[in-house]
Amino acid sequence: MSNFTAEGTSKTVKIKQDNLNIHYHDAGSGDVLVLLHGGGPGASAWSNFKQNIDFFAEHFRVLMIDQPGFGKSDKPDHGQGLGAYNAGAVKGVLDELGIEKAHLIGNSMGGLVSAKFELDYPERTDRLILMGPAMGIGFAVPAPTEGQKVLGAFHRGDGPTKEKMQAVINVLMYDSSGLDNTLLEERFAAATEPDAAKWQSANMFSAKMKMEELWREAEKISHKTLLIWGRDDRVSPYERGLFLLQRIPDVRMHIFSRCGHWAMLEQTEEFNRVCLDFLTGA
Amino acid sequence: MSGFTEQGTSKTVKAGELDIHYNEAGEGDAVIMLHGGGPGASGWSNFKQNVEAFAAHFRVLIVDQPGFGKSSKPMHKEAIGAFNARAIRDLMDALKIDKAHFVGNSMGGLVSVKFALDYPDRAAKLVLMGAAGTGPVALNPQPTEGIKTVAQFYRPPGPSKDKMRAVIRALTHDSFQFDDTTVEERFAAATEPETAGWQSKMMFNPNGAPMEELWRDIHNVSHPTLAIWGREDRVSPFERGLFMLHRMPDLRLHIIAHCGHWAMVEHPEMFNRLSIDFLRAV
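Read top to bottom, the protein sequences are chains L and H.
Each residue of the first sequence is one higher than the last, beginning at 1 in the working numbering.
Each residue of the second sequence is one higher than the last, beginning at 283 in the working numbering.
Think of the hints as simulated: they come from the structure by calculation, not from any bench.
Because the structure is a prediction, the values reported are computed rather than measured.
Treat the hints with caution; some may be incorrect.
[Unchecked claim] Simulated DEER-style distance windows between Cβ atoms:
#, chain 1, residue 1, chain 2, residue 2, range
1, H, 356, L, 246, 39 to 45 Å
2, L, 239, H, 356, 43 to 49 Å
3, H, 298, L, 250, 45 to 51 Å
[Stated by the list, open to error] Some chain H residues near chain L, calculated using beta-carbon distances under 10 Å:
#, residue
4, 493
5, 513
6, 524
7, 540
Each residue gets a CB set at the ideal place from its N, CA and C atoms; glycine is no exception.
Can you build the whole structure from these sequences, using the hints too?
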């Protein structure tokens, strides 16, 4: 699927914020493009964006960062707002690498973190792409959404099972019938790795989870922003983007039919193209 | 604005019973561009700022639809979509064009969709800007502000440049700059006697030619379609695109802030890139 390998691009850096070790993948050269994964069980930078790295690395220096609590990065119980804490970690990585400014693409929780990064460090931000970001507000779809309920159930009750992970994948995607078991096995292994499982069940989809209500501040986002949404997103329905479309000053919104919460995986080619057009266009 | 001139690209062909005027430029797969139905509209006036970018990749045919520009102005009682789609089919037959992409604005969007319904094998992909008739309007007051303004143009005491200025203002976002030349050009085109006679009898007239409620049928359009909408479209509000998103099998909806009913005029660079890349994608 990719010329770049997880191993070949894998790097770790120690940042000032809580002395965290942050793991990331580094590929390509040019303007910096940071990719931020979502917050579901088993998520990591590589698992979210491995199908996009080849394309983007032809045009940018791509940094796919495992956010605190995920993948091979440290998993601190910090008790702070997820957006602010993770945005701080992203800034920490850029500081250590001597990078002044970056484009950001964020999926779901990564979208929230990207937007918070823009709000907290506008001078470090170039353009923003938010995919089904966890920062909208809805009018019509009941909350918690079907997808949030399925994600939240993974670590609860009798604990993780492969059936539950399959249910997670099914609810995240418009049509998961074409997948073999690779993704299921990968995500199940990642989600049940003891440190990750402990961190996830304590910090995500729990009463302890603190996510900023960033829709309140959408009008302060001062950089060009592209919202990308799947029509069939059951986690963060696209109607949540309509509010952002009216509030973010310089915004465009691209909605795919037959697409769920993972546009970068479900509509890979078109997603890549629309992102590149936006990042390098007028 | 363009190396191509109206005169240098101007052609007329007998299509069925009608003389159809069009502007042709470039080589490759055919792209047929269909203008909107407002007073003073014509193929060239709608698309002159896009011809160069498209002609670099395609054989572009910017068509004056029946009743507009330099084409025949037949009085008829048939629905506009079906009548104009048939005229385009006749034009393609006359030019021996088997298949074309369609780029349609407003009424031209409606005609593009009707063409795809009536002659599915002759249409490749569709790009629709502020399409008319393709979605019911549920949230915006009807008739829309833009439709009311456009409909006023020929009403007593008759056309004026102030009314034309109000039309252009209602069609575009406030940030769109236009000068007196634009007003003069469209005013001259709209008040040319034959055009004025046809327009005032056929368009925006309860006794004129009807327009299809195409939203009833759009689920049958399986052609890859890109719907581009201005967030501030006051003629055909973007909520129509939301309906299309749920009904058309292969649709992507792209909504642009600071943009009204004329994406191709208001944001030509953005529009060109988005559309051309969509049409060229395999």
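Comparing the hints with the structure gives:
no., hint, in the structure
1, H:356 x L:246: 39 to 45 Å, "43 Å, holds"
2, L:239 x H:356: 43 to 49 Å, "44 Å, holds"
3, H:298 x L:250: 45 to 51 Å, "47 Å, holds"
4, 493, "25 Å, violated"
5, 513, "6 Å, holds"
6, 524, "8 Å, holds"
7, 540, "7 Å, holds"
Consistency note: the structure conflicts with earlier hint 4 alone.
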